[in-house]
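Novice: If you read the sequences in order, they're chains A and B.
So the first sequence is numbered by the working numbering: it starts at -5 and just counts up by one.
So the second sequence is numbered by the working numbering: it starts at -5 and just counts up by one.
Source of the hints: derived by calculation from the structure; they are not laboratory data.
Treat the hints with care, since some could be wrong.
Said to hold, decoys possible - Some, not all, of what chain B presents toward chain A, calculated at C-beta under 8 Å:
(1) Tyr21
(2) Phe27
(3) Glu76
(4) Leu119
(5) Gln122
(6) Ile126
(7) Gln127
(8) Ile130
(9) Pro131
(10) Phe135
(11) Thr139
(12) Arg145
From a predicted model like this one, the values you see are computed outputs, not experimental measurements.
Beta carbons: idealized from backbone N, C-alpha and C, even for Gly.
Number of protein chains: 2
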Amino acid sequence: MIHAIAVTQFSKMLSNLVAILGEAEKYAAEKKFDTGILLQSRLSPDQFSLMQQIRTACDTAKLGAARLAGREKDVPVHADTEQTLAEIKARIDSTIAYLASFKPDAFTGAAERRITQPRWAGKSLSGQEFLIQHVIPNFYFHVTTAYAILRHNGVGVGKRNYLGDMPYREAAAA
Amino acid sequence: MIHAIAVTQFSKMLSNLVAILGEAEKYAAEKKFDTGILLQSRLSPDQFSLMQQIRTACDTAKLGAARLAGREKDVPVHADTEQTLAEIKARIDSTIAYLASFKPDAFTGAAERRITQPRWAGKSLSGQEFLIQHVIPNFYFHVTTAYAILRHNGVGVGKRNYLGDMPYREAAAA
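Extracted from the complex, chain A is given alone in its bound form:
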């Protein structure tokens, strides 16, 4: 289930975010303002801007998969220098491509692996704790806040854009 969440589902959410940003781009074009204004928008002066929310969503996915798989050493570096919508979309695409490099067996034993990161000063979580209590809530926090900033600024997206398509089957539950 780790791969299904941290790779497949996170990639889906990031693709949904690219599509949502496409709607933001159309909205800015209609209203004749620069998309950079949206990227610098925030809900509170001491919260991240849309740009930084997207960067952090990407990094949460990238570092989450890398740490769970014990692959921190080959994680691609992103310099946080994006300025434009095209640049931040490229970063999302790069994150999705990186996630695709993880096959399900990359996470064998990941739930039990001890995970740490620099800011935890030597402390650690189990892989399952890290995934469930850190990676998932952080990832959705930043994706949802990115969406909320756009909604607050009038971009006409809805829950379906956020969730994306569902793999419904016609046969109902018993």
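Take the given structure of chain A and dock chain B to it, following the hints.
Specialist: The following block gives chain B in isolation, referenced to the frame of chain A:
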């Protein structure tokens, strides 16, 4: 892992939300305004208010666990009539108490169970699809948006309030 996510972690997030609402209450008292104003706040005129975000977060957790465990028939009903902070906090507490009624073995076979709900018009998802593509993203959507409404209105909470305590151990990863 279903129980760890849909019961243990969701209960933790709902408890964090109660604590965040406590900070909102203090802020309203300091600034001398009624907490009902916060509960009716929203980020966009066509998005749910804080009150409705909290109700929906609770229902996503309640119905998620019930459907995954095949227990839709005994799910407690909440009438969506809360008006005050005390009433919505009681609803959260009631949801946490209901989640506590699910033991890990309640989800045996849940990943493969076909899940449906009235608005899907006879279509279904597997339990795993339902959890990963519907319940988790919806739950975090509503909790994060509730948090975002409060941050936007100046309530002094941060990511630590959202995430809650982490079960760190002193021993680092190898």
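Novice: Work down the list of hints and note, for each, if the structure agrees.
Specialist: How the hints compare with the structure:
no. : hint   : in the structure
1   : Tyr21  : 13 Å, violated
2   : Phe27  : 17 Å, violated
3   : Glu76  : 22 Å, violated
4   : Leu119 : 6 Å, holds
5   : Gln122 : 7 Å, holds
6   : Ile126 : 5 Å, holds
7   : Gln127 : 6 Å, holds
8   : Ile130 : 7 Å, holds
9   : Pro131 : 6 Å, holds
10  : Phe135 : 5 Å, holds
11  : Thr139 : 6 Å, holds
12  : Arg145 : 4 Å, holds
Checked against the numbered hints given earlier, the structure breaks hints 1, 2, 3 and satisfies all the rest.
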